[in-house]
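Undergrad: Given the structure of chain B, go ahead and fit chain L onto it with the hints provided.
Quick note, the sequences are listed as chains B and L, same order. The letter at position 49 of the first sequence is residue 49 when you use my numbering, and the numbering goes up by one with no holes. The letter at position 413 of the second sequence is residue 413 when you use my numbering, and the numbering goes up by one with no holes.
Worth double-checking, as some hints may not be accurate.
SDA-like mimics (lysine to any residue), calculated; alpha carbons at most 20 Å apart, straight line [stated by the list, open to error]:
no., chain 1, residue 1, chain 2, residue 2
1, B, LYS177, L, ARG583
2, B, LYS177, L, GLY491
3, L, LYS414, B, ALA91
4, L, LYS414, B, HIS87
5, B, LYS146, B, ARG162
6, L, LYS414, B, THR79
7, L, LYS414, B, ALA73
8, B, LYS177, L, LYS331
9, L, LYS414, B, ARG119
10, B, LYS146, B, GLU156
11, L, LYS414, B, ARG77
12, L, LYS414, B, PHE180
13, L, LYS414, B, GLU89
14, L, LYS331, L, PRO462
15, L, LYS414, B, GLN116
16, B, LYS177, L, GLU382
17, L, LYS414, B, THR71
18, B, LYS177, L, ARG372
19, L, LYS414, B, ALA117
20, B, LYS177, B, SER157
21, L, LYS414, B, GLY20
22, B, LYS177, L, TYR373
23, L, LYS414, B, ALA81
24, B, LYS177, L, PRO462
25, L, LYS414, B, TRP75
26, L, LYS414, B, GLU83
27, B, LYS177, L, GLU588
28, B, LYS177, L, ARG385
29, L, LYS414, B, ALA121
30, L, LYS414, B, ASP92
31, L, LYS414, B, ALA57
32, L, LYS414, B, LEU186
33, L, LYS414, B, ARG88
Simulated from the structure, these hints should not be mistaken for lab results. For clarity, every value in this text was computed on a predicted model and none was experimentally measured.
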Amino acid sequence: MTASERILVTSHGHPHFNYGGGEIPAYNLFRAYREHPAVEDSFFLASCDRGRGANGAISPRGHNEYLWEQTVADWFRMTVAHEESLHRELADLIRAIRPTLVHAHHYAHMGLEYLQAIRRADPGIRIIMTLHEYIAICANSGQMVKAGSTRLCHRESLDDCRRCFPDRTAEDFWLRKHRFLSYFNLVDRFVAPSDFLRRRYVDWGIEPGRIVVIENGQEPRSPLPPRALGPGETRNRFGFFGQITPFKGIDVLLRALAALPRSERRKLVLEINGANLENQPPDFQEYINGLRTPLEREGVLQWNGPYEPFQMSGRLANVDWVVVPSIWWESSPMVIQEAFLHGRPVVGSDIGGMAEKITDGVNGRHVPVGNANAWAQTMSRLAADGDEWERLRGGIKPPLSYSECAQAHLDMLTARREALTA
Amino acid sequence: MTESAADAEMDNRASRNGVTGLMGSLSIRPRGARGGGKLRAPEQPGREPLSINDGRDKLFVEAAYRVGKKLLIVGWSTDLGLEFFSAPGRAIDARCRFRHRRKDVAQSLDLRSARDLGFLLELDNRKDPRALLFRGSAEPEPVAWFLPLRERIEPSHWRIVGESVYELLTKERPGSKAWHETRALIPAVPAETGKAAGFIEGVMIAPFDGGGVAYGWALEEPGKAFWLEAGEGWVIGLGETFRQPRRDVRALFPGRAPPNSDAGFIAFLPDLDEESTVRLCCVTADGQSVVSELGRTHALPDDPLGAAQQLFGVETPETLMGARYARIDSKVLSPLVQRRVEQFRATPEIRQDFGTSVASPDVSIIVPLYGRYDFLEHQVMEFCRDPYVRSRCQVIYSIDQPEIVDGVIAEGRKISRLFDFPLNFVWTGMNFGYSAANNLGARIATGHNLLFLNSDAIPTDPGWLEQMVETLEAHEATGAVGAQLLFPTGGIQHAGMRFEYIDRFRVWMNEHPHSGLASDLVAEAGPRVVPGVTGACLLLSRQDFDAVGGWDMGYIVGDFEDSDLCLSLRARKRLCLYEPRARLVHLERQSFSGLGLGSFRLRLTLANAQRHTERWASVLANTSEETA
Numbered sequence: 001m002t003a004s005e006r007i008l009v010t011s012h013g014h015p016h017f018n019y020g021g022g023e024i025p026a027y028n029l030f031r032a033y034r035e036h037p038a039v040e041d042s043f044f045l046a047s048c049d050r051g052r053g054a055n056g057a058i059s060p061r062g063h064n065e066y067l068w069e070q071t072v073a074d075w076f077r078m079t080v081a082h083e084e085s086l087h088r089e090l091a092d093l094i095r096a097i098r099p100t101l102v103h104a105h106h107y108a109h110m111g112l113e114y115l116q117a118i119r120r121a122d123p124g125i126r127i128i129m130t131l132h133e134y135i136a137i138c139a140n141s142g143q144m145v146k147a148g149s150t151r152l153c154h155r156e157s158l159d160d161c162r163r164c165f166p167d168r169t170a171e172d173f174w175l176r177k178h179r180f181l182s183y184f185n186l187v188d189r190f191v192a193p194s195d196f197l198r199r200r201y202v203d204w205g206i207e208p209g210r211i212v213v214i215e216n217g218q219e220p221r222s223p224l225p226p227r228a229l230g231p232g233e234t235r236n237r238f239g240f241f242g243q244i245t246p247f248k249g250i251d252v253l254l255r256a257l258a259a260l261p262r263s264e265r266r267k268l269v270l271e272i273n274g275a276n277l278e279n280q281p282p283d284f285q286e287y288i289n290g291l292r293t294p295l296e297r298e299g300v301l302q303w304n305g306p307y308e309p310f311q312m313s314g315r316l317a318n319v320d321w322v323v324v325p326s327i328w329w330e331s332s333p334m335v336i337q338e339a340f341l342h343g344r345p346v347v348g349s350d351i352g353g354m355a356e357k358i359t360d361g362v363n364g365r366h367v368p369v370g371n372a373n374a375w376a377q378t379m380s381r382l383a384a385d386g387d388e389w390e391r392l393r394g395g396i397k398p399p400l401s402y403s404e405c406a407q408a409h410l411d412m413l414t415a416r417r418e419a420l421t422a
Numbered sequence: 001m002t003e004s005a006a007d008a009e010m011d012n013r014a015s016r017n018g019v020t021g022l023m024g025s026l027s028i029r030p031r032g033a034r035g036g037g038k039l040r041a042p043e044q045p046g047r048e049p050l051s052i053n054d055g056r057d058k059l060f061v062e063a064a065y066r067v068g069k070k071l072l073i074v075g076w077s078t079d080l081g082l083e084f085f086s087a088p089g090r091a092i093d094a095r096c097r098f099r100h101r102r103k104d105v106a107q108s109l110d111l112r113s114a115r116d117l118g119f120l121l122e123l124d125n126r127k128d129p130r131a132l133l134f135r136g137s138a139e140p141e142p143v144a145w146f147l148p149l150r151e152r153i154e155p156s157h158w159r160i161v162g163e164s165v166y167e168l169l170t171k172e173r174p175g176s177k178a179w180h181e182t183r184a185l186i187p188a189v190p191a192e193t194g195k196a197a198g199f200i201e202g203v204m205i206a207p208f209d210g211g212g213v214a215y216g217w218a219l220e221e222p223g224k225a226f227w228l229e230a231g232e233g234w235v236i237g238l239g240e241t242f243r244q245p246r247r248d249v250r251a252l253f254p255g256r257a258p259p260n261s262d263a264g265f266i267a268f269l270p271d272l273d274e275e276s277t278v279r280l281c282c283v284t285a286d287g288q289s290v291v292s293e294l295g296r297t298h299a300l301p302d303d304p305l306g307a308a309q310q311l312f313g314v315e316t317p318e319t320l321m322g323a324r325y326a327r328i329d330s331k332v333l334s335p336l337v338q339r340r341v342e343q344f345r346a347t348p349e350i351r352q353d354f355g356t357s358v359a360s361p362d363v364s365i366i367v368p369l370y371g372r373y374d375f376l377e378h379q380v381m382e383f384c385r386d387p388y389v390r391s392r393c394q395v396i397y398s399i400d401q402p403e404i405v406d407g408v409i410a411e412g413r414k415i416s417r418l419f420d421f422p423l424n425f426v427w428t429g430m431n432f433g434y435s436a437a438n439n440l441g442a443r444i445a446t447g448h449n450l451l452f453l454n455s456d457a458i459p460t461d462p463g464w465l466e467q468m469v470e471t472l473e474a475h476e477a478t479g480a481v482g483a484q485l486l487f488p489t490g491g492i493q494h495a496g497m498r499f500e501y502i503d504r505f506r507v508w509m510n511e512h513p514h515s516g517l518a519s520d521l522v523a524e525a526g527p528r529v530v531p532g533v534t535g536a537c538l539l540l541s542r543q544d545f546d547a548v549g550g551w552d553m554g555y556i557v558g559d560f561e562d563s564d565l566c567l568s569l570r571a572r573k574r575l576c577l578y579e580p581r582a583r584l585v586h587l588e589r590q591s592f593s594g595l596g597l598g599s600f601r602l603r604l605t606l607a608n609a610q611r612h613t614e615r616w617a618s619v620l621a622n623t624s625e626e627t628a
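Same shape as in the complex, but just chain B:
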């Protein structure tokens, strides 16, 4: 295998500054590509706010890593803010690093136009794009949840979308979709981290043959040992990891605990490891705090607050189960892969990416989405049944590693090239 590929990975943020579910896989893939024998070199370009506004400047951040002071001007249409830099800084970078492949991990904070700018700089460059959520399909932050509510949205259409945004016309949504699809035409292959997400994009308009499922990769490691139990203790500690937003379903968990009889409740412990509650709407904060206080007083709830990546293993070691109670579809929640990597079964909502990534009865359990009573019963039952925990833990298969993920992408390209030449 000759090291012929030169790969530029683009991302809507650098994980050094934005530790998110899209930025981390993008960055890790950039590093995994670099190690791959078929890759001559790889580069990373991330949008970044350096406090000077979107001036279009590109500056280095470590070896082969660049920050781009770019953002989006119109989030509805996803237009670039600093258009001139597409033809200067970005074009210069492309000419200098001469990529054979651009692996775009997003267009948020960069705008859709950079795909065309890359094509323009060198029409021979192949472009693949990983889709992280449903932004192209759904103007409501890509959640596919009805705007201003927590109702799940099952389909996109001009008239459905207009109802979520009464200020917009059906024509506005046609234009939005036309713009996304037109720029998406520049992409050779799409990657979906879950089959659920892939199907949503196929329904929306991406030809099935142009989109494949490749799970996000993880840093390989051996599983944690089971949490040591004290005398009479059960597998009763549940951990939540992630952002605390109205769509992550924290309130469902808190209501579930509150709904249990006190005697049952005291047999459980829920640990919340989450950030950003303070950035949520005031009434949501008030609601969560109102549910939280009595549970903390009883010792049923431990509010651990935010965590840094290096703290993840330590916090996972303290719990038996990881819970993912999101009330939106998710695509491929990173926390599920991390839980499996650490040998912790996962209890999650029975929709979307969660239903897909957790196999009910094999490596975790499904709970009807948003149903606090079902969560109460499930947590009570699981805490009481030690055998179930052992069985589900045994069902966990190690998730895809970074290097396997990189290999899968390169295989996809090779397969396509072979298909094209055949």
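TA: Just chain L now, with coordinates in the frame of chain B:
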């Protein structure tokens, strides 16, 4: 009958429009007048009553008035069988209108009854008789009376002649010489006297000495004749104005408005300036009065759309709008439109090119821009991926709104550079309208064919334009080719146009058959002849375009420019074809959203429809058999 009852009867007769019949038999050829016996004829109008019937009766002629083609003669006689005629041996058109009470005569002559002593005679003025012959019922020979002609009607006589004068005035065309002469005889009275109701609600003055429009209402009860006048002696009768029902006026005067009468009026006044005072006047048998006057006139703007907005603000039932436009609004608007057209022709274009367009293109794509221009990127993205458009076409954006030029040029530069796609921009710095924008684009077009494309019409797949060109060039007789346009939600927006006569509005309208249906319901393999195609996507040859003189610029933000173009082609024996294999999405009317869809928009459409109907009535009737 008491004296007062008899007075009342006289008044009653005087106010009735008719002859009493009492003296009807007198308008006959005089007995014994043949041969012209000796007349007792005073050379001057008599100052004293004349004795007749051997002194038993008296006769007095008080005044004669020329009223148009008639002479009205007022006098009295105690001989109720009196006969009169204008010349011996001639039958003349003379008759007694009525006899009436003359209490003053009865008192002065000490008579018991005043009844029927007075008379009003009417005869043809054409012969200009200077004297009239009277024969008492017991006289063998007539007596002549030299007619005492008066310039002005004596106030005491108005009650007697008023009804006749009113009748004669209303027979003349208001503003004619005869009308003015008759009117000059009529005494002015306060508006309350005539009990006439009417109001001038507004006056709008067209720029460039183009006259103006006055509008309001008048309650045209029997016995009341209205007219409008302005300045010096300039008059039109309400019959010459556009009339329309006014339910509010009817409600204001319950029972007074005659059934089926239209109280509302809108008048075009050709001689009017901002200094003018417009008066609504009325004459009744009581005299003439100014019912309403308005000196605060309102100046209309010189742009046709602005003027139309203000004119169409004057309410009219929509069913009458076309007729009103033909009679009133067009007289103000057409000169403004024509002036615009001349101004457009004299205005040089400004152009900016990004990139170099292909030399001698097959097609120049001309897109007029007004309002939104975010579609530009969408169109270019589709042009770009179409090899035919990329290699064989010139793309011209014609900017019809000065305010957006900077924005469009910035966007054009950005899009042209990002997609490496040459674009031409052209503008004048004025807003001349859709047709002018198309014609402006054609000024700089170098293509063998011209495709006029709305900015919100976006192709769905490559190949559409090449297909249209193939269809156009397949037959010599093909004049225009239109495409299948779909709504963004997928239904058909355009699959050819047909023309339909709308009885309610009395105009022909453009109809889009199959609108909203899924395209597979009307699947067609190839092109079809249709009455017309939409200008949202219309292909024709440069040669035909020049032959018909381009887009007609006489409509105001119309919906008929495209059908007008199609009908012009038809008039030159060129057919319109609908090509279903060329398919685009049309976000219809997104670029015009600023104009709204309210009553103004509808009125404007009806006005344009009226113009379209007038221009093409016969051709339109011939197309109605065709299907689209």
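Undergrad: Output the numbers, in ascending order, of every earlier hint that fails for this structure.
TA: 8, 14, 21
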